[in-house]
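First to last, the protein sequences are chains A and B. With this note's numbering applied, the first sequence corresponds to residues 1 to 234, in that order. With this note's numbering applied, the second sequence corresponds to residues 1001 to 1234, in that order.
To be clear, the hints were calculated from the coordinates, so they are not data collected in a lab. Glycine is no exception: its CB is placed at the ideal position from the N, C-alpha and C atoms. Don't take every hint at face value.
[Unchecked claim] Derived BS3-like pairs (lysine-lysine); straight-line CA-CA distance at most 27 Å:
no., chain 1, residue 1, chain 2, residue 2
1, B, 1092, A, 5
2, B, 1209, B, 1005
3, A, 66, B, 1066
4, A, 92, B, 1231
5, A, 117, A, 66
6, A, 66, B, 1158
7, A, 187, A, 5
8, B, 1066, A, 158
9, B, 1092, A, 66
10, B, 1117, A, 5
11, B, 1117, A, 117
[What the hints assert, rightly or not] Label-pair distances were calculated between CB atoms; the ranges are:
no., chain 1, residue 1, chain 2, residue 2, range
12, A, 38, B, 1117, 53 to 61 Å
13, B, 1028, A, 140, 32 to 40 Å
14, B, 1038, A, 140, 43 to 51 Å
15, A, 94, B, 1059, 40 to 48 Å
16, B, 1062, A, 230, 43 to 51 Å
17, A, 230, B, 1202, 35 to 43 Å
18, B, 1172, A, 138, 16 to 24 Å
19, B, 1059, A, 61, 31 to 39 Å
20, A, 93, B, 1041, 54 to 62 Å
21, A, 28, B, 1117, 49 to 57 Å
2 protein chains.
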Amino acid sequence: MREPKAFFFDIFGTIVDWREGVAREARAVLHPLGHDMVWTAFADAWRGQYQAGMEEIRSGRQPFSKLDVVHARNLERILGDFGLSDISDETKRQLVLAWHRLDAWPDVARGLSILRKHGLLAPVSNGNFSLMAALARRNNFHWDAILGAEYARDYKPKAGVYLSACEAFDLTPGECMMVAAHSDDLKAAAECGLMTGFVARPNEKGPGKGESEPRIPVDAAGDDLFELATKLFR
Amino acid sequence: MREPKAFFFDIFGTIVDWREGVAREARAVLHPLGHDMVWTAFADAWRGQYQAGMEEIRSGRQPFSKLDVVHARNLERILGDFGLSDISDETKRQLVLAWHRLDAWPDVARGLSILRKHGLLAPVSNGNFSLMAALARRNNFHWDAILGAEYARDYKPKAGVYLSACEAFDLTPGECMMVAAHSDDLKAAAECGLMTGFVARPNEKGPGKGESEPRIPVDAAGDDLFELATKLFR
């Protein structure tokens, strides 16, 4: 394997823990208003609308909207199930911003610190620029650029998202590695010619409900991002 | 004046010294091949093609190309004047990369360090992502995102470049400040509703040939970026 010149990162699940973060932030917004629920179930239900919401755009049925807008649309679909049909527009806006306030998994800082010595680093996420910038400030990520869906005006796993990221850095796909905790993301990247780095996040969707092993052949794999980085550059 | 939530930066001339840098890097490429010339005159001639090269794209006569491509086209126009008609494609490629190897003015690190405590920071330059990322690595800039021409697929001073930057950060134009050493850049930003911060770079184009004072009303002005930052947040 050649040494990658750039590392592209999936963010939700791979770099940050969306489930516990959305649950915590939703509670912070809704509990003072008198709502109570299993907050992780709310996070799971919201995330459960994720692919369907983006598929409207990937298929061309709707024009591109940034992920905050998709999150807001998806939120509308689950409000009734959680007794939230009457919340205000401002409360909905605060809930959408829950996705801007997620925390990195504990190994991420050390992993990125190693990878940064070896190549360019950029999120290639479905998250929009403002969301990526907010997560970076919160977690002190130092990206070389934000790339991904909003830059490409389409959503992963469409090829244009991966290829536009390579082109932005003047690199061929074979010079770049996509890093993700999701086999479908890595499969799409590999089909575009990128190298693939799998990070296990076995508890991403709840205890034991994430991927602990890749379901496809990958160029490198680690039990977390720090292990992946040390395997690549030991 | 409200406190800006984001600061957008012109890069060539405002943040980095393109003239001395291009002269130095062109010499490093061409002198070993036996060429000699007044290297700052070469830099000035190349930069002299800058607006005409972008105007082809702003006018719609040519589709968007990243600035590296515009720089390469502009280089072709001046090679003959400097006895360089016979240089190889690889030498031309190395010359284009001179623009990736420019140094910040000495006040920039301190200025950005102050501004970063008060808002999001992004280049809103005509330079492409790979060029902006290379300058950031070289000079240790910590941007929240790279925005500007390549993101907007058009060149300043077209309104879409400024407005797309505000939208990327979910901000209104009135919440953002454009920082530049060029009155025409600030004039266009102000017409879009952005606040304006002028930085004097009196020697940008050679001794005394830069702007030492803005030619239009601005919201803030400094003799350098550090002074601008301290005036805003004293």
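Consistency of the hints with the structure:
no. : hint                         : verdict
1   : 1092/B <-> 5/A               : holds, 22 Å
2   : 1209/B <-> 1005/B            : violated, 32 Å
3   : 66/A <-> 1066/B              : holds, 23 Å
4   : 92/A <-> 1231/B              : violated, 38 Å
5   : 117/A <-> 66/A               : violated, 31 Å
6   : 66/A <-> 1158/B              : holds, 23 Å
7   : 187/A <-> 5/A                : holds, 20 Å
8   : 1066/B <-> 158/A             : holds, 23 Å
9   : 1092/B <-> 66/A              : violated, 39 Å
10  : 1117/B <-> 5/A               : violated, 31 Å
11  : 1117/B <-> 117/A             : holds, 26 Å
12  : 38/A <-> 1117/B: 53 to 61 Å  : violated, 39 Å
13  : 1028/B <-> 140/A: 32 to 40 Å : holds, 35 Å
14  : 1038/B <-> 140/A: 43 to 51 Å : holds, 45 Å
15  : 94/A <-> 1059/B: 40 to 48 Å  : holds, 44 Å
16  : 1062/B <-> 230/A: 43 to 51 Å : holds, 47 Å
17  : 230/A <-> 1202/B: 35 to 43 Å : violated, 50 Å
18  : 1172/B <-> 138/A: 16 to 24 Å : holds, 23 Å
19  : 1059/B <-> 61/A: 31 to 39 Å  : holds, 34 Å
20  : 93/A <-> 1041/B: 54 to 62 Å  : holds, 55 Å
21  : 28/A <-> 1117/B: 49 to 57 Å  : violated, 25 Å
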